[in-house]
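Visitor: If you read the protein sequences in the order shown, they are chains A and B. Last residue of the first sequence: 677 in the working numbering, with the numbers rising by one and none dropped. Last residue of the second sequence: 567 in the working numbering, with the numbers rising by one and none dropped.
Treat each hint with caution, since some may be false.
Stated by the list, open to error - Below, computed lysine-lysine pairings styled on BS3-like, alpha-carbon distance capped at 25 Å:
id : chain 1 : residue 1 : chain 2 : residue 2
1  : A       : 55        : A       : 74
2  : A       : 528       : A       : 205
3  : A       : 527       : A       : 279
4  : A       : 639       : A       : 622
5  : B       : 565       : B       : 542
6  : A       : 397       : B       : 474
7  : B       : 525       : B       : 456
8  : A       : 39        : B       : 438
9  : B       : 525       : B       : 559
10 : A       : 412       : A       : 422
11 : A       : 412       : B       : 525
12 : B       : 494       : B       : 474
13 : A       : 499       : A       : 283
14 : A       : 451       : A       : 541
15 : A       : 412       : B       : 430
16 : B       : 486       : B       : 438
17 : A       : 397       : B       : 373
18 : A       : 451       : A       : 283
19 : A       : 667       : B       : 542
20 : B       : 395       : A       : 397
21 : B       : 430       : A       : 667
22 : A       : 528       : A       : 299
23 : A       : 389       : A       : 422
24 : A       : 499       : A       : 527
25 : A       : 121       : A       : 82
26 : A       : 617       : A       : 639
27 : B       : 414       : B       : 395
28 : B       : 414       : B       : 474
29 : A       : 389       : B       : 456
30 : A       : 218       : A       : 467
31 : B       : 494       : A       : 667
32 : B       : 395       : A       : 412
33 : A       : 389       : B       : 542
34 : B       : 400       : A       : 389
35 : B       : 527       : B       : 542
36 : B       : 565       : B       : 414
37 : A       : 622       : A       : 645
If you are wondering where the hints come from, they were derived from the structure by calculation, not from laboratory data.
The residues making up each chain are set out below.
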Amino acid sequence: MPKLKVNDIEVEVEEGLTVLQACEKAGAEIPRFCYHEKLSIAGNCRMCLVEMEKSPKPIASCAMPAAEGMNIKTNTRFVEKARKGVMEFLLANHPLDCPVCDQGGECDLQDQSMFYGVDKSRFKENKRAVPEKYMGPLIKTQMTRCIHCTRCVRFATEVAGVSELGAIGRGEDMQITTYLEQSMQSELSANVIDLCPVGALTSKPYVFEARPWELKKTETVDVMDAVGSNVRVDTYDWEVKRVLPIINEDINEEWISDKTRYACDGLLNQRLDTPFIKYNRKFEKASWSEVFKIIKSKFENSSKDRVCGFVGDLTNMETGYIFKEFFDRTLNNYNYESRSDNRFLDNSKRENYIFNSSINGIEDADLIFLIGANPRYEATILNARIRKAFVNNNTKVISLNDVGDLTYTYKNLDGQTQTIKNIFEGSDEISKEIISATKPMIIIGESLLKLNYAENLFYLIKNFLKKNNKFTDNWNPLNILSCDAATVGNFDLGILNKEKSLLDELKSNKFEIVYLIGQDNLEFNKKDEFVIYQGSHGDKGAEIADIILPGSAYTEQEGFFTNLEGKVQKAYKASYPPGEAKEDWQIINELAEVMNNRKLFNDKEELESSMFNYLKLQQEKQTSKNKEKTYSEFQNEKLNIHLKDYYFSNVIARSSKTMIECNNSKLNIKSTGTEG
Amino acid sequence: MSLRRPAKNQPETFEFSSSSMEEANKIVLKYPKGKQQSAVMALLYIAQKQNDNWIPLAAMKYIAKFLDMPYIKVYEVATFYTMYNLSPVGKYFVQVCTTTPCMIRGANKLVEACKEKISDKENELSNDKSCSWMEVECLGACVNAPMMQINDNYYEDLDKEKTIEIFNKILKGEDPKPGSYRGRLNTEPENNRKTLMDVKNA
Numbered sequence: 002m003p004k005l006k007v008n009d010i011e012v013e014v015e016e017g018l019t020v021l022q023a024c025e026k027a028g029a030e031i032p033r034f035c036y037h038e039k040l041s042i043a044g045n046c047r048m049c050l051v052e053m054e055k056s057p058k059p060i061a062s063c064a065m066p067a068a069e070g071m072n073i074k075t076n077t078r079f080v081e082k083a084r085k086g087v088m089e090f091l092l093a094n095h096p097l098d099c100p101v102c103d104q105g106g107e108c109d110l111q112d113q114s115m116f117y118g119v120d121k122s123r124f125k126e127n128k129r130a131v132p133e134k135y136m137g138p139l140i141k142t143q144m145t146r147c148i149h150c151t152r153c154v155r156f157a158t159e160v161a162g163v164s165e166l167g168a169i170g171r172g173e174d175m176q177i178t179t180y181l182e183q184s185m186q187s188e189l190s191a192n193v194i195d196l197c198p199v200g201a202l203t204s205k206p207y208v209f210e211a212r213p214w215e216l217k218k219t220e221t222v223d224v225m226d227a228v229g230s231n232v233r234v235d236t237y238d239w240e241v242k243r244v245l246p247i248i249n250e251d252i253n254e255e256w257i258s259d260k261t262r263y264a265c266d267g268l269l270n271q272r273l274d275t276p277f278i279k280y281n282r283k284f285e286k287a288s289w290s291e292v293f294k295i296i297k298s299k300f301e302n303s304s305k306d307r308v309c310g311f312v313g314d315l316t317n318m319e320t321g322y323i324f325k326e327f328f329d330r331t332l333n334n335y336n337y338e339s340r341s342d343n344r345f346l347d348n349s350k351r352e353n354y355i356f357n358s359s360i361n362g363i364e365d366a367d368l369i370f371l372i373g374a375n376p377r378y379e380a381t382i383l384n385a386r387i388r389k390a391f392v393n394n395n396t397k398v399i400s401l402n403d404v405g406d407l408t409y410t411y412k413n414l415d416g417q418t419q420t421i422k423n424i425f426e427g428s429d430e431i432s433k434e435i436i437s438a439t440k441p442m443i444i445i446g447e448s449l450l451k452l453n454y455a456e457n458l459f460y461l462i463k464n465f466l467k468k469n470n471k472f473t474d475n476w477n478p479l480n481i482l483s484c485d486a487a488t489v490g491n492f493d494l495g496i497l498n499k500e501k502s503l504l505d506e507l508k509s510n511k512f513e514i515v516y517l518i519g520q521d522n523l524e525f526n527k528k529d530e531f532v533i534y535q536g537s538h539g540d541k542g543a544e545i546a547d548i549i550l551p552g553s554a555y556t557e558q559e560g561f562f563t564n565l566e567g568k569v570q571k572a573y574k575a576s577y578p579p580g581e582a583k584e585d586w587q588i589i590n591e592l593a594e595v596m597n598n599r600k601l602f603n604d605k606e607e608l609e610s611s612m613f614n615y616l617k618l619q620q621e622k623q624t625s626k627n628k629e630k631t632y633s634e635f636q637n638e639k640l641n642i643h644l645k646d647y648y649f650s651n652v653i654a655r656s657s658k659t660m661i662e663c664n665n666s667k668l669n670i671k672s673t674g675t676e677g
Numbered sequence: 366m367s368l369r370r371p372a373k374n375q376p377e378t379f380e381f382s383s384s385s386m387e388e389a390n391k392i393v394l395k396y397p398k399g400k401q402q403s404a405v406m407a408l409l410y411i412a413q414k415q416n417d418n419w420i421p422l423a424a425m426k427y428i429a430k431f432l433d434m435p436y437i438k439v440y441e442v443a444t445f446y447t448m449y450n451l452s453p454v455g456k457y458f459v460q461v462c463t464t465t466p467c468m469i470r471g472a473n474k475l476v477e478a479c480k481e482k483i484s485d486k487e488n489e490l491s492n493d494k495s496c497s498w499m500e501v502e503c504l505g506a507c508v509n510a511p512m513m514q515i516n517d518n519y520y521e522d523l524d525k526e527k528t529i530e531i532f533n534k535i536l537k538g539e540d541p542k543p544g545s546y547r548g549r550l551n552t553e554p555e556n557n558r559k560t561l562m563d564v565k566n567a
């Protein structure tokens, strides 16, 4: 490990790190534009110049490997002069339009020019003007502001895996462009906005909306998919203005998907802001006490086993838990379910429904086998991680189905479950590969679990892996790729009915009262059921409801979510529910009070501690149980991957105008046929 | 700079001719397997030669597919190097050197000749679309200044009249003789040598 001196402070850094990283370790901040931890090194902005002893010229610290005995100075006159010179060149062609630039206030160039900028320009020539580019409905371009750091180009090729951005021309005529004049064919495209150190690429939906210092920033988690990306929600008054990623190396690194970022305008549309009662097929506004009274009388007038409850895909765990408690304690019945389809689930052990190898584990894996999953659309960030493993370690990826472009190459099989059977009975080439792999990952998508013989296949896979000793102390090859934010949390809380399929009973209209909590994905023909819908948006669920209880979206209440790996994360309150709407747990608590004259929980803290106690008990129960199952019944099925429409996968996304635009922009490309 | 940006009118398709294909395959073989993208510059030049000295977008797409690399990467290379012409320059592409040694020896007269015979402006096709000219920096033949390059050949020791003569020939479709126009062989001294007299075979 090389030792070097930075401003007379001795530091020892790992082999292969750069001078810039060594400087950071020594506490010296280095200005930079092109350098980014997660991207390859370009070394073209020259802002990170430092002085090195025995070097007559300043060196670009981001591109210089740290070596033994270097003596680096970062705060001398020499360095300052060098950086000032670089900054003068960068500013020569940069327009002075900060007052009308959306990057203003969070612009690297603006910030750094406070230290290194010269207050006068010696550039008397004409300034360069670069034509605008069209990059789809998410990215607004103002290419005259571009300083050619090429971060966006490197992001697109390296992380997103779409080589659509490039730097054309040379010298003063250099331009960043997409030759397509279309939106980027990536679900990660909007990350280039965060990467852009200047205002060349800014957010189109957020254009001229607010200045960064006016916004209230709340760090929370995302619910658009089950990955649980860490995000920062910026609000102005009630309105959620934008969602930005925050760094979590274990989950989303530094990226978020376009849906996570831009579905937030769906929080402003189609909101349920007051309780409604349906009279003669028309919704009429009502007060909380009215609706509670009606619900109470309805519950009292129907037998308890004709009542059922369904929990939706964006519901936080507190709501799920109190809902379950409401059924257990207030209604004395167990007719609750969180699955909106008849998927197979064995929740006797937690490893049967989570992503056991963990997202970080993807980078350690040496073989990835996707069965019935399309991670690009089901978990975009996770797919970016698979791509990272593919690029860095050349990890082999096999998919049972041909799922189109995943941004990396993979071997695809025929999509028949017979093939799965062959492989996991050990009579296939791929079985050998799995056996010889030290850290294989089998990623099972929800589509597989929806098959008729899902149970058999699941145990076939699991037993094969067990038999070949793939389960070790630090590796679990079995991975379930859940699609929705609430899925794993609901399973942890046991919000499911193992004795009977509530869904089938619902479809045959056996229930009198159906209580939906944010559940919009049920397909059943309503007859005489009395439907209570509690949720944030007026969507499919609210449409069929007889009573609507306005709840809160994920940004408007505190709540826990368990991501697909089983990590429990808390979403914080960034805004507050609109109008009369309340936090979801409060509604159920108050309803319980109306019905039994007793609240279920005194306050949120009691609810939380009770929930975590319950989770702990559940997990203890699981570890003590350990029975093995084997199944032999089998019939070949075609495994079709059921993808929800990516841009409309949940109520918030469906209410978002930006998501509609994204969807349309992708459709246009399909219809023109120029994508190949 | 107009040659650095793709032309408005682009042909729909491009394909290597059999001779270009042979040449291209030979170049690709020079690189290790999987690194065939390194051949991109050579292939672009082959395409340019085949297509009357300019590279249409279709050729870039063709090469991108040929070398299994993203189209934008080919596009980046093609727009970066001044050697590649991205809009039509005619079958005869005249490059007049106007760097100091040639300029001192009267390169401006050559430019005048270009303006008279080919077109008023640089990078503009002549009336019959067979020819265009441009000023370039040093072509490395200062000893025989002033000079110009037409396609692959150098025409040296020129003056205005001789240049016009050459242009008359190419506009008629003939190939004028390359080399010195004052009867020199390569870069030998004019009127016999004056140095190294004592060395026999110098």
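Visitor: Are the hints correct? Go through all of them and say.
Guide: Here is how each hint holds up against the structure:
For the proposed pair residue 55 (chain A) and residue 74 (chain A), the alpha carbon gap of about 12 Å is at most 25 Å, so the pair holds. Pair hint residue 528 (chain A) plus residue 205 (chain A) does not hold up; C-alpha atoms about 45 Å apart against a cutoff of 25 Å. Distance check on the hinted pair: residue 527 (chain A) and residue 279 (chain A) sit about 14 Å apart at the alpha-carbon level, within 25 Å; holds. Pair hint residue 639 (chain A) plus residue 622 (chain A) does not hold up; C-alpha atoms about 36 Å apart against a cutoff of 25 Å.
With a C-alpha separation of about 31 Å, the suggested pairing of residue 565 (chain B) with residue 542 (chain B) is violated against the 25 Å cut-off. For the suggested pair residue 397 (chain A) and residue 474 (chain B), the alpha carbons sit about 65 Å apart, so the restraint of at most 25 Å is broken. For the hint pairing residue 525 (chain B) with residue 456 (chain B), the CA-to-CA distance comes to about 22 Å; that is within 25 Å, so the pair holds. The hinted pair formed by residue 39 (chain A) and residue 438 (chain B) meets the criterion: a straight-line CA distance of about 21 Å does not exceed 25 Å.
Only pairs whose Cα atoms come within 25 Å are accepted, and residue 525 (chain B) paired with residue 559 (chain B) is rejected, the gap being roughly 28 Å. This hinted pair checks out: residue 412 (chain A) and residue 422 (chain A) have alpha carbons roughly 18 Å apart, not beyond 25 Å. The straight-line distance between the Cα atoms of residue 412 (chain A) and residue 525 (chain B) is roughly 66 Å, outside the 25 Å bound, and the hint therefore fails. Taken as a hint, the residue 494 (chain B) and residue 474 (chain B) pair is honoured in the structure, with Cα atoms around 23 Å apart against an allowance of 25 Å.
A threshold of 25 Å between alpha carbons decides the hint, and for residue 499 (chain A) with residue 283 (chain A) the separation of about 37 Å lies outside it, so the pair is violated. With a C-alpha separation of about 22 Å, the suggested pairing of residue 451 (chain A) with residue 541 (chain A) holds against the 25 Å cut-off. Simply put, residue 412 (chain A) and residue 430 (chain B) have alpha-carbon atoms about 21 Å apart, close enough for the 25 Å limit, and the pair holds. Distance hint between residue 486 (chain B) and residue 438 (chain B) is unfulfilled; the C-alpha atoms sit about 31 Å from each other, more than 25 Å.
For the suggested pair residue 397 (chain A) and residue 373 (chain B), the alpha carbons sit about 44 Å apart, so the restraint of at most 25 Å is broken. Only pairs whose Cα atoms come within 25 Å are accepted, and residue 451 (chain A) paired with residue 283 (chain A) is rejected, the gap being roughly 36 Å. Of the pairs offered as hints, the one joining residue 667 (chain A) and residue 542 (chain B) is violated, with about 57 Å between alpha carbons and a cut-off of 25 Å exceeded. Between residue 395 (chain B) and residue 397 (chain A) the CA atoms are separated by roughly 29 Å; this puts the pair beyond 25 Å, and the hint is violated.
Between residue 430 (chain B) and residue 667 (chain A) the alpha-carbon distance is near 24 Å, which keeps this suggested pair within the 25 Å criterion. With a C-alpha separation of about 16 Å, the suggested pair residue 528 (chain A) and residue 299 (chain A) falls inside the 25 Å cut-off, and the hint holds. At roughly 30 Å between alpha-carbon atoms, residue 389 (chain A) and residue 422 (chain A) are farther apart than 25 Å, so this suggested pair is violated. Only pairs whose Cα atoms come within 25 Å are accepted, and residue 499 (chain A) paired with residue 527 (chain A) is accepted, the gap being roughly 24 Å.
The suggested pairing of residue 121 (chain A) with residue 82 (chain A) holds, with an alpha-carbon distance near 15 Å, which does not exceed 25 Å. Restraint check for residue 617 (chain A) and residue 639 (chain A): not satisfied, since their Cα atoms lie roughly 39 Å apart, outside the 25 Å limit. A C-alpha spacing of about 20 Å is found between residue 414 (chain B) and residue 395 (chain B), which places the hinted pair at or below 25 Å, so the restraint holds. The suggested pairing of residue 414 (chain B) with residue 474 (chain B) is violated, with an alpha-carbon distance near 28 Å, which exceeds 25 Å.
With a C-alpha separation of about 48 Å, the suggested pair residue 389 (chain A) and residue 456 (chain B) falls outside the 25 Å cut-off, and the hint is violated. Of the pairs offered as hints, the one joining residue 218 (chain A) and residue 467 (chain A) is violated, with about 46 Å between alpha carbons and a cut-off of 25 Å exceeded. With a C-alpha separation of about 41 Å, the suggested pair residue 494 (chain B) and residue 667 (chain A) falls outside the 25 Å cut-off, and the hint is violated. A hinted pair counts as satisfied when its Cα atoms are at most 25 Å apart, and residue 395 (chain B) with residue 412 (chain A) does not qualify at roughly 29 Å.
A distance of roughly 58 Å separates the Cα atoms of residue 389 (chain A) and residue 542 (chain B); the hinted pair therefore is violated under the 25 Å criterion. In summary, the hint linking residue 400 (chain B) to residue 389 (chain A) is supported, as the alpha carbons are separated by about 21 Å, within the 25 Å threshold. For the proposed pair residue 527 (chain B) and residue 542 (chain B), the alpha carbon gap of about 12 Å is at most 25 Å, so the pair holds. The suggested pairing of residue 565 (chain B) with residue 414 (chain B) is violated, with an alpha-carbon distance near 43 Å, which exceeds 25 Å.
Our distance criterion of 25 Å between C-alpha atoms is broken by residue 622 (chain A) and residue 645 (chain A), whose separation comes to about 34 Å.
The structure fails to meet hints 2, 4, 5, 6, 9, 11, 13, 16, 17, 18, 19, 20, 23, 26, 28, 29, 30, 31, 32, 33, 36, 37 from the earlier list, while all remaining hints are met.
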